[in-house]
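Construct all of the structure, not just a fragment, from the sequences and the given hints.
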Amino acid sequence: METAITVVLFVLLLATAIILGRQRNLFAASMLTGIFSLVSAGLFTVMEAVDVAFTEAAVGAGISTVLMLATLSLTEDVEAREKKISWPALAVVVLTGGALIYGTLDMPNFGDPHAVVHGEIARYYIDRSWDEIGLPNMVTSILASYRGSDTFGELGVVFVAGTSVLLLLGGRRSELPASGESPGHERPSSRPPGKRHAHVREMPVVRTVAKVMLPYIVLFAFYVQAHGDFGPGGGFQAGVILATAFILFGLVFGPQELVRHVPPERLERIMAVGLMIYGGVGVVAMLLGGQFLAYGVFTPSHPSHGHHYGIFMVELGVGITVSAVMIIIYATFATRRPSLAPQVVLDAEDRCETEVSADDVPLVPEERALRSGADLLAEGAAGTDAASEVPS
Amino acid sequence: MTLPNVWNYWAVVVLMMVGLYIVIAKPNYVKKLMGLSLFQVSVIMLYVSMGRVTGGTAPIYILDDGAPRPFVLYTNPVPHVLMLTAIVVGIATTAVGLALVVRIREAYGSSEEDVVAELDRREVEAANALAAQRAAESDASSATAAHAGASHEEHA
Amino acid sequence: MTLTAAVMSFAAVAILVTMVMALFRAARGPTTYDRILALNLFGTQTVLLIAVTGFLYERPEWMDLAMVYGLCNFVGVLAVLRFSKYGSFMEDP
Amino acid sequence: MITDVLHVIGAFFVVVGALFCVIGGIGVIRLPDFYSRCHGSGITDSAGAGALLLGLMFFAPPLVAFKLLALVAFLWVSSTVSTHSLAKAAYSQGVRIENVPRKDWTIAPPPPPAAEDAVLADAASAADPEEPA
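Protein chains in written order, with the working numbering: chain P, 2 to 393; chain R, 192 to 347; chain Z, 12 to 104; chain A, 3 to 135.
What the hints contain is simulated information worked out from the structure, not anything from laboratory work.
Since the model is a prediction, treat every value here as computed from it, not as a measurement.
In this text, a Cβ means the ideal position worked out from N, Cα and C, and glycines have one as well.
You may find that some hints are simply not true.
[Said to hold, decoys possible] As a list, the in silico DMTMM-like pairs of lysine to aspartate or glutamate whose alpha-carbon atoms are at most 25 Å apart: (1) R:Lys223 - R:Glu304; (2) R:Lys223 - P:Glu77; (3) R:Lys223 - P:Glu258; (4) A:Lys90 - P:Asp78; (5) P:Lys85 - R:Asp311; (6) A:Lys90 - P:Glu266; (7) A:Lys90 - A:Asp35; (8) R:Lys223 - R:Glu297; (9) P:Lys85 - R:Asp305; (10) R:Lys223 - R:Asp305; (11) R:Lys223 - P:Glu80; (12) P:Lys85 - R:Glu304; (13) P:Lys85 - R:Asp330.
[To be verified] Partial list, computed: chain P residues near chain Z (C-beta under 10 Å): (14) Ile6; (15) Val9; (16) Leu13; (17) Thr17; (18) Asp78; (19) Phe223; (20) Gly232; (21) Val241; (22) Ile242; (23) Thr245; (24) Ile278; (25) Gly281; (26) Met287; (27) Leu289; (28) Gly291; (29) Phe293.
Below is the structure:
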């Protein structure tokens, strides 16, 4: 029965992928990515990878769809033109796929318990982690303790990604509702009523339901954070779920409202705090005479207790950073002012409608370096030859 | 000769190739990123299906009165750990990619690869033409030693 | 095959069949709203599939997983709706 | 003995729920236009999911049964809300019922935005008593 379900889900996954590839409407395609991630998470569950399925569920269905749609709202939501089958690409793909399939012929069978993968290391974790760490969830034990440095690096990547999104898109936020005073201390009723009710009018039912549900979602996030030692869950999942709660708030009440309550300037700091908690635990372990992220030294008489404390703190750090990064990514995308420039399209002979003339061309750096400061000044002032007489 | 029972890898490879085809052949950047996330999921699927053990259960100890039940076959937890973090990192990096697409759309007025390439090509052409023109002008001016305009001082 | 396993297998098959039908509707369209409807339906079916799988594998403590699905699906559908209505996430469309 | 009885009851509910799911799925494929497809999806979301999860509760230990109950509550709220707002959005965007006799109310153009706004503003203020209308 399990095999049958797995096969059917794989077929569904492939069908979704192919439909997605053929879909020109990017809006529909982003919905298909949502379905794709739902199927793949079901597949993870059927293959017993509960924690992976948990993460995919939290990330794929919610945040990933939201980000895709946010991008589409800032660009176009239809591919510009029909592209015929690209034969070179198809050749590359078929060759690569053929080589890979030839390679799989030497792989161990699906589900073979004697495969190389299930060798020394996996057996060590399965046999010993209960005695050494004492948490029921082996994945959490490995994630936060045995491979703690690895997870630290992954968290660093998430942090850097959040920073990069801020650097790329953070500059041009659309203004907060202008009302004179600083937005933080303003009473909600003092704002212009028409603006306030812009979409409250639109969806009263959704708004009421979201109001009721939000606290429970946050509660559930904390439950996942704390329960990660005993069942599927942990810092990554909890962080994403918490961020989902804030995204729900942003979707229903508007991103400006979200930014007003959770200012990105504060989130930027929180983002770093989580990473510092994680690293700090490791440094404290070193100060107590152990190795980086070796939690046993916290309670020398009973090392497994130390592991519990260490894993709790580390997961807390992960949760804080992940949730802050996800909220900040959403807020940055959602408050970005859309570009008003019309879309440039190619006609049948691959010619653009806009012509690039020499005046539009920004100077290449060497040329810019060769120009004198007076020249640049003159260009800034009037750009005529007469202005070039200005003394430098 | 009997074929090995590796259909899961075949499914993963086909999935991966669909993603790769989208990345190579589709001109739209958002579509490319969608293909990239297909690719990513297929890699994750590859690892997770490697960790599967027939008859095994999820890698969470089954507890009987506070002690793990003996002789239970568990799935391999190591791929799960690796892939769990990979998913979160994947969405974060996808967000960076989407941010780049937004910036490209703002700078070029299009998020299609061929339009961007065409615009780039023209820009390089125009810049080359401009540079050639400037070089010709400066040659002419230094040869005749006519007026020394401010814009030509640096060549003198 | 025990009663539990038989019932859960039947439910799993029914859910998979419904998933296929939802995927068909998502691929077919014709309007955007049909696709959103299919996404919603698909999400519900995934929640049910995970719940049933938990019982089929005799590890029913996975129910948290199903809850996350329900939640994220709701958020996803809301996002899609908001986008389809305004074409933007900004406050004043 | 008690367990067996409970399991049989649960099995009945699970089977009924699964059948409702399939029926709703068939509805989503076969029904002619968007609004009636909403009906098919709604059957799956409420009757199908509800009966199936309630049936699963008969098989589950107490804590899991509680989680299932919470799940049912959550699904009943969230799916109904999303289907409702979906239908509303589709109506306001001008999706029409097909294959209906003329002079049906849905053939008529949608109400002018001002009137709709007024109605909805009333609803909003009723739903949110802390805000003065």
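Okay, the hints, checked on the actual structure:
1. R:Lys223 - R:Glu304: This hinted pair holds, its Cα atoms lying about 10 Å apart.
2. R:Lys223 - P:Glu77: 14 Å, holds
3. R:Lys223 - P:Glu258: Violated. Lys223 of chain R to Glu258 of chain P sits at ~32 Å, over the 25 Å cutoff.
4. A:Lys90 - P:Asp78: Between Lys90 of chain A and Asp78 of chain P the Cα gap is close to 22 Å, so the pair holds against 25 Å.
5. P:Lys85 - R:Asp311: Distance of about 23 Å is within 25 Å: holds.
6. A:Lys90 - P:Glu266: 37 Å, violated
7. A:Lys90 - A:Asp35: 15 Å, holds
8. R:Lys223 - R:Glu297: Given pair Lys223 of chain R, Glu297 of chain R holds - Cα atoms ~18 Å apart, limit 25 Å.
9. P:Lys85 - R:Asp305: Since the Cα atoms of Lys85 of chain P and Asp305 of chain R sit roughly 14 Å apart, the hinted pair holds (cutoff 25 Å).
10. R:Lys223 - R:Asp305: 13 Å, holds
11. R:Lys223 - P:Glu80: 11 Å, holds
12. P:Lys85 - R:Glu304: 15 Å, holds
13. P:Lys85 - R:Asp330: 49 Å, violated
14. Ile6: 6 Å, holds
15. Val9: This interface hint holds because 5 Å falls under the 10 Å limit.
16. Leu13: Holds - the Cβ of Leu13 of chain P comes within 10 Å of chain Z, reaching about 6 Å at its closest.
17. Thr17: 6 Å, holds
18. Asp78: 8 Å, holds
19. Phe223: Violated, about 13 Å.
20. Gly232: 6 Å, holds
21. Val241: Constraint on Val241 of chain P satisfied, holds at 9 Å.
22. Ile242: With Cβ-Cβ at 7 Å, under 10 Å, it holds.
23. Thr245: Interface hint status for Thr245 of chain P: holds (5 Å vs cutoff 10 Å).
24. Ile278: This hint is violated: Ile278 of chain P lies away from chain Z, its Cβ roughly 24 Å from the closest one there, beyond 10 Å.
25. Gly281: 29 Å, violated
26. Met287: Not OK, violated: Met287 of chain P not within 10 Å of chain Z, min 35 Å.
27. Leu289: Status violated, d = 35 Å.
28. Gly291: This hint is violated: Gly291 of chain P lies away from chain Z, its Cβ roughly 33 Å from the closest one there, beyond 10 Å.
29. Phe293: With a minimum Cβ separation of about 32 Å from chain Z (threshold 10 Å), the hint on Phe293 of chain P is violated.
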